[in-house]
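Chemist: Residue numbers (the working numbering), protein chains in the order written: chain A, 1 to 236; chain D, 1 to 236; chain Z, 1 to 236.
Honestly, I wouldn't trust all of these hints.
You can't tell identical chains apart in this list, so a pair holds if it fits in one copy or across any two.
Taking lysine to aspartate or glutamate pairs in the DMTMM-like style, the calculated list, with each CA pair at most 25 Å apart, reads [unchecked claim]:
no., residue 1, residue 2
1, 142, 22
2, 96, 131
3, 52, 217
4, 2, 20
5, 116, 217
6, 178, 37
7, 142, 109
8, 69, 21
9, 181, 37
10, 142, 236
11, 181, 204
12, 178, 57
13, 2, 217
14, 52, 37
15, 96, 22
16, 96, 165
17, 2, 73
18, 52, 73
19, 2, 165
20, 77, 165
These aren't lab readings, by the way, just hints derived from the structure by calculation.
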Amino acid sequence: MKGFRSPRIVAADTGGALLDEDYQPLGLIATAAVLVERPYLTATACEVRYQKPEGYDMSGRKAIVEEIKLAAELARKFRPDAVHIDSTIGGIEIRKLDEPTIDALRISDRGKEVLKDVSDEVRRVALRLWEDTGIDMIATGKPSVPVRIAEICSGVYTVIWALREASSRGYVRVGLPKFMKVEIGENSIVGRSIDTREGGLYGEIGFEGVPENVRWELYPNPTLKGFMVFEAWTGE
Amino acid sequence: MKGFRSPRIVAADTGGALLDEDYQPLGLIATAAVLVERPYLTATACEVRYQKPEGYDMSGRKAIVEEIKLAAELARKFRPDAVHIDSTIGGIEIRKLDEPTIDALRISDRGKEVLKDVSDEVRRVALRLWEDTGIDMIATGKPSVPVRIAEICSGVYTVIWALREASSRGYVRVGLPKFMKVEIGENSIVGRSIDTREGGLYGEIGFEGVPENVRWELYPNPTLKGFMVFEAWTGE
Amino acid sequence: MKGFRSPRIVAADTGGALLDEDYQPLGLIATAAVLVERPYLTATACEVRYQKPEGYDMSGRKAIVEEIKLAAELARKFRPDAVHIDSTIGGIEIRKLDEPTIDALRISDRGKEVLKDVSDEVRRVALRLWEDTGIDMIATGKPSVPVRIAEICSGVYTVIWALREASSRGYVRVGLPKFMKVEIGENSIVGRSIDTREGGLYGEIGFEGVPENVRWELYPNPTLKGFMVFEAWTGE
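Just need the whole structure built from these sequences, with the hints factored in.
Modeler: Here is the structure:
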């Protein structure tokens, strides 16, 4: 085929939350990194790092560090054209994220504080990736389709986590990332965007099947429109 | 089933507007209160108070008072875990809505004025409900799924109202709440969210059927994208 | 049928962009004007003025002038009740768009500068239309359904342009307006809103068919969620 190249992109995002009985998040569950290639509808490859939701640092410090580390790992393996990180700081190369750059961002003071606390660590990871491979990590945020696919995959991993936890805990309630549902098959779980404006983005992750004694239900979070709740439990 | 309880929630909202020939709203038509239970997709029970759209107070004063009264009625009947009221004031218990609390809200001065005018009345209703039953009324606003289901039901009641009014007036044009359509069956009308991101919310209300000589049409409001117009008339 | 009249509306919008290899817009492609009548789902008539995307003035100056001229042409032909122009200046009659009015608008200083540069020309076109026909041009912007249908049609014309250009250039990549897809038939191309909240808006334009040696693909813009990319090329 003639024409421009279509970039291969690695992206990462953290999503899925353990919920309490009032549907409030206790902590995040899954950091997912994905390789996304044209036609940019789903992931060609995925990796997950499960988090410990109890006692999870909800400030965002932990999430961004985990995302950048996992994305760098996947980038070394698949050598994409770019790496997209979910962040609201808008199009900046992570390897350039020093204090003056952070101060100049149009984000909240609290956001700047969080970034400064992690900037040494994330800058080092991004710089090393760039020096070794020439691949840049960019803080693209919401407009990035690969970041959204990573978010959807983090939701699928969250459901896999919940189905397993149900066996040991007896019961678990988790919240999925916004505007997505899951379809549980025999050998895989598909997460699908329910925001039609995104043009059909999805993620599919293989898994071992629902344990025989586990039941589950998917339904809208009554306190947070646009977000689905997934519950799994053993027995009836 | 093991696990957390899933709250039963009563919610209320006012919607549907009588429109003039320029598609401008003349007044609101239906206050709906609903009982919503897991899986939070539709209402288990509904009540309506029809408003007189001609000369309707569009400031919001009348709507919030009617919503709180009707929701309190339904709450006394069904004893839910909480009552959600559509309001942008964000998560506050209505029984605590006094002047200092209103002054501290981050809303417009005009909004504060409206709230102060009605605060005595709505606080009294909420306080009495709380003292009698222990049930709290919370101003949750847009994130509440039950409030959205109440909004959809107010749209269905608006269509029922329009079909009846068409018989007496000969012609009527109304506007539905945002992002919803209606399907008119033999014995009921179903209102469905057309915002797929909401995960399939709907409301169904029984009714006596379309009068034999009444015709109707549903189409997008050309001046307000996302809102549907319903027209009904007698004859051809 | 009894009841209010339903206005016939002419609207215009410019959309579709030639993209570079980084999916960045080089210039706009198609100004479309449409006649929209009840039930306001599609266009009854369409016209296009193709732009030269290379070296295109991306400030918005050229787009608004072209839209107003083409809309005025269509309005003289079809005598609608009103003309809607896509602009964020909100409900103002174009024929009244003088400097004091522009200064009073709540838009950016850069936006005011752009408007002042073109105000003489667009005011003259709108005033002449109004004097000759009594039809007003209104800057309605996003809430207008006819403007959205014009935007969708500009996307369809962009695809027709791309299929032709592919034959001469060998390869072309364009970006469609937000939240729409295209379905390419034998004798026409249909553009459909993929934002379900809009209630099913679409536009259909006749065309001569895909040239025999041209291939094409439609896929999400990886760098701009909600926007689709259309590529066409000759050969395999």
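Chemist: Starting from the hint list further up, note which numbers the structure goes against and sort them upward.
Modeler: 5, 8, 10, 14, 16, 17, 20
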